[in-house]
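Visitor: As a plain string of letters, each chain reads:
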Amino acid sequence: MLNSKILIFLLSFFTAAFVYSVLLFFMPKTPVFYVPVKKEFEFYKINLTPLFYRTKPVKKPVVKKAQTLKGIKLKAVYDNGKNGFIIIEDKGKTHFIDLGQKYKGYKLIKINSDSAIFEKNSKHFKIEFDRSKIESNFYKKIEQSFPKKIKINKKTYLEYKNDLLKVWENIGIIKINNGYMITYIKPKSIFDKIGLKRGDIILEVNGRELKNDEDAWDLYKNADKFKEFEIKVKRNNKEKVLYYEVD
Amino acid sequence: MKILTAIAGFLLGLIIFMPKDNIYFKIQEILSKENIYINSDIKNSLALELKNGTVFVNKMDLAYFDRCEIYPYIFWNKIECNNINIANQYKITNINGSYSIINPFKIKISGNSNFGKIEGEINIFDKNGRIYITKLTNSLIKRYLKKDKKGYYYDVKF
Numbered sequence: 001m002l003n004s005k006i007l008i009f010l011l012s013f014f015t016a017a018f019v020y021s022v023l024l025f026f027m028p029k030t031p032v033f034y035v036p037v038k039k040e041f042e043f044y045k046i047n048l049t050p051l052f053y054r055t056k057p058v059k060k061p062v063v064k065k066a067q068t069l070k071g072i073k074l075k076a077v078y079d080n081g082k083n084g085f086i087i088i089e090d091k092g093k094t095h096f097i098d099l100g101q102k103y104k105g106y107k108l109i110k111i112n113s114d115s116a117i118f119e120k121n122s123k124h125f126k127i128e129f130d131r132s133k134i135e136s137n138f139y140k141k142i143e144q145s146f147p148k149k150i151k152i153n154k155k156t157y158l159e160y161k162n163d164l165l166k167v168w169e170n171i172g173i174i175k176i177n178n179g180y181m182i183t184y185i186k187p188k189s190i191f192d193k194i195g196l197k198r199g200d201i202i203l204e205v206n207g208r209e210l211k212n213d214e215d216a217w218d219l220y221k222n223a224d225k226f227k228e229f230e231i232k233v234k235r236n237n238k239e240k241v242l243y244y245e246v247d
Numbered sequence: 001m002k003i004l005t006a007i008a009g010f011l012l013g014l015i016i017f018m019p020k021d022n023i024y025f026k027i028q029e030i031l032s033k034e035n036i037y038i039n040s041d042i043k044n045s046l047a048l049e050l051k052n053g054t055v056f057v058n059k060m061d062l063a064y065f066d067r068c069e070i071y072p073y074i075f076w077n078k079i080e081c082n083n084i085n086i087a088n089q090y091k092i093t094n095i096n097g098s099y100s101i102i103n104p105f106k107i108k109i110s111g112n113s114n115f116g117k118i119e120g121e122i123n124i125f126d127k128n129g130r131i132y133i134t135k136l137t138n139s140l141i142k143r144y145l146k147k148d149k150k151g152y153y154y155d156v157k158f
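Those protein sequence lines, which keep their order, are chains L and S.
Numbering-wise (my numbering), the first sequence opens with residue 1 and increments by one.
Numbering-wise (my numbering), the second sequence opens with residue 1 and increments by one.
Just chain S, same shape as in the assembly (with noise of 0.2 Å):
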């Protein structure tokens, strides 16, 4: 019982005073190195919050986000973003992923924007994953696309 208790103290302390914003000043060091850099403005609470961010790969601002939000609760994880701008033509309203300590090697995600739903999960382990584009909107997009029964999809690695 004296472990349980030592356990909920010490994980309820890692929740609450989680350095956010460091943590995520270190998320930003290491996607620098890949030339990716998001200027935003922070706001830490229970959640981070990242506000009116551009999202810069190879010095070009590609995207445009109005919010983030990153819930980082140890057993379960969530990031919300909501009006991001690729490219001044592609906009996705919003956009949810989501990790929980049960399914510990998958990242669910799901979104809605100008061009179709999007719906899928990654696999941190595999480093792959595959992301559903469905209610298609726009055509173009199809030649990047691959199909099979449930519609067209995205695979994804890295």
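The shape of chain L in the complex, shown without the other chains (with noise of 0.2 Å):
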């Protein structure tokens, strides 16, 4: 009696597994993963501002090669290696020396391409363009060509990378076919203040295009290995590049 109910206690057991071994064919044997392809933010900001200009004028040690001319502007040079002249101004009067003459007692001995050297009695003396005025305009054209960035506040910044829910209370945004289009700004929220509006679709950040919800995700994960940031937008069917700084 006790060894029929063993064999039929064993014969069920046995039973599940050979129903298991039935359902197996119908399983996957293997795990369904998915593989994160890595894209790196290939954005490399170069700062080449400083090849046009100096953000402070750097204070080079003068040196006290020639004395200058009181009361002579140099307002011109021409030199082709051989011959030149230089245009000068005295007194209000505007006066023409080529190379080798005397305006003076004073000789003209070199035409630089920012200065002239004259001699008297074994003495150089130099007249220069007024620098100042020229610097200060050229310098002046170069900063309005550059873009304004917009500067972010660091500590708002974080605040705002750190909380998700904090970012969607203050902005709202859907996927359409080309980017990511703003569909509410709360207002005097920083996102109005740093210049986005409502119905702005976003193409790019720094360079990369948000095509799907992966690349606006990774763009979320990474933003705190950026201190600048382009967004292209497109505005009123006008592309537009905003820049911001985060400080």
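Hint data in this document are derived by calculation from the structure and do not stem from the laboratory.
Incorrect hints may appear among the rest.
What follows is a list of derived Cβ distance ranges for each label pair [what the hints assert, rightly or not]:
id	chain 1	residue 1	chain 2	residue 2	range
1	S	Ile27	L	Val37	23 to 29 Å
2	S	Leu62	L	Ser21	33 to 39 Å
3	L	Ile150	S	Lys108	48 to 54 Å
4	L	Ser21	S	Val57	19 to 25 Å
5	L	Lys238	S	Ile36	35 to 41 Å
6	S	Leu145	L	Arg198	24 to 30 Å
Restricting the straight-line Cα-Cα distance to at most 27 Å, the calculated cross-link-like pairs of lysine-lysine (BS3-like) are [unchecked claim]:
id	chain 1	residue 1	chain 2	residue 2
7	L	Lys188	L	Lys154
8	L	Lys211	S	Lys51
9	L	Lys186	S	Lys33
10	S	Lys2	L	Lys221
11	S	Lys78	L	Lys29
12	L	Lys120	L	Lys161
13	S	Lys149	L	Lys175
14	S	Lys91	L	Lys221
15	L	Lys186	S	Lys142
16	L	Lys154	L	Lys120
17	S	Lys91	L	Lys154
18	S	Lys33	L	Lys221
19	S	Lys78	L	Lys175
Glycine included, every Cβ here is placed at the ideal spot set by N, Cα and C.
Mind docking these for me? Both chains are given alone in their own frames, and the hints should help you get the complex.
Guide: The structure is reproduced here in structure tokens:
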């Protein structure tokens, strides 16, 4: 009696194993993994402005090699290597002086691109262009040609970076064909202050197109790696780049 | 008596021989069609253990977990997860979901997180549920929740 019960138990027990072995034919044998495509943000912000101007004029040590001629202003220079002349202004009058020519006893002995050297009694005298005027105008023009950056306070920036809910509380974004459209911006919020507008379509951030949620999420995750942002938006059917600096 | 012995033997066999990892692969396959992927290390013993997992939703790695244990014992099933990190901001220290044949349509959920205590039930027959978050520590999360006498809750529908 006991043996028959054990036999029934074992038979049922292994029937279960048999049922599973049949089911296994229809079951996957390997796990399903997602292999994320690692995208690196290849965004390098190289500051080329120092090539064009100095933010703070560097004071060079003054080496007094030649004395200056008081009251005489250098207006123009011409030098082709062999011959040359300069134009000077003295007491409101303009004078042309050839290389080797004397003016008030001072002999013009050398013409540089920005100065001219005279000689008198074996002493050298130098006159230069008025650099301050040239530089200020030149640098002002260069500065104007660079886009204006909007500064974002780092503390505020990190508050949003570390709280996704806070982001969604202040801005609404939906995915559309070619980017992400801003559907809502809370008045006086950080997004309002930095100049984003309802209806803007965010096309690119730091050179990377926002094609899907993965791109947007990747950007959000890596946002703290950047100190500067270039956001390309489509506003009123025109593309515009907004520049931001985390300060 | 013989029938009872047969049923007992069959059920014990079902529990012991259950191909837990293959069932898990099947679940992965079904989820992948919804663009949800779970990458993890798998260890099969009496319980199915998932370690160092990452949950991808629409190719976004939205959640990480240290360990999840699944106990599929037919009459009583349980899933227990520890240290779930959602979007690098919300941390669930532990969460349990249990299902018993005594109450076949309900899954009980309980857990602790850095935004509050989680408690609730999911009705698999009605395909809905209510998860209460008590002792709420994150005020921003309130706007996504409703409130009744018991506290703040989130309605689940699937």
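Visitor: When the hints from earlier in the document are held up against this structure, which numbers fail?
Guide: Numbers 4, 8, 9, 10, 12, 13, 16 and 19, in rising order.
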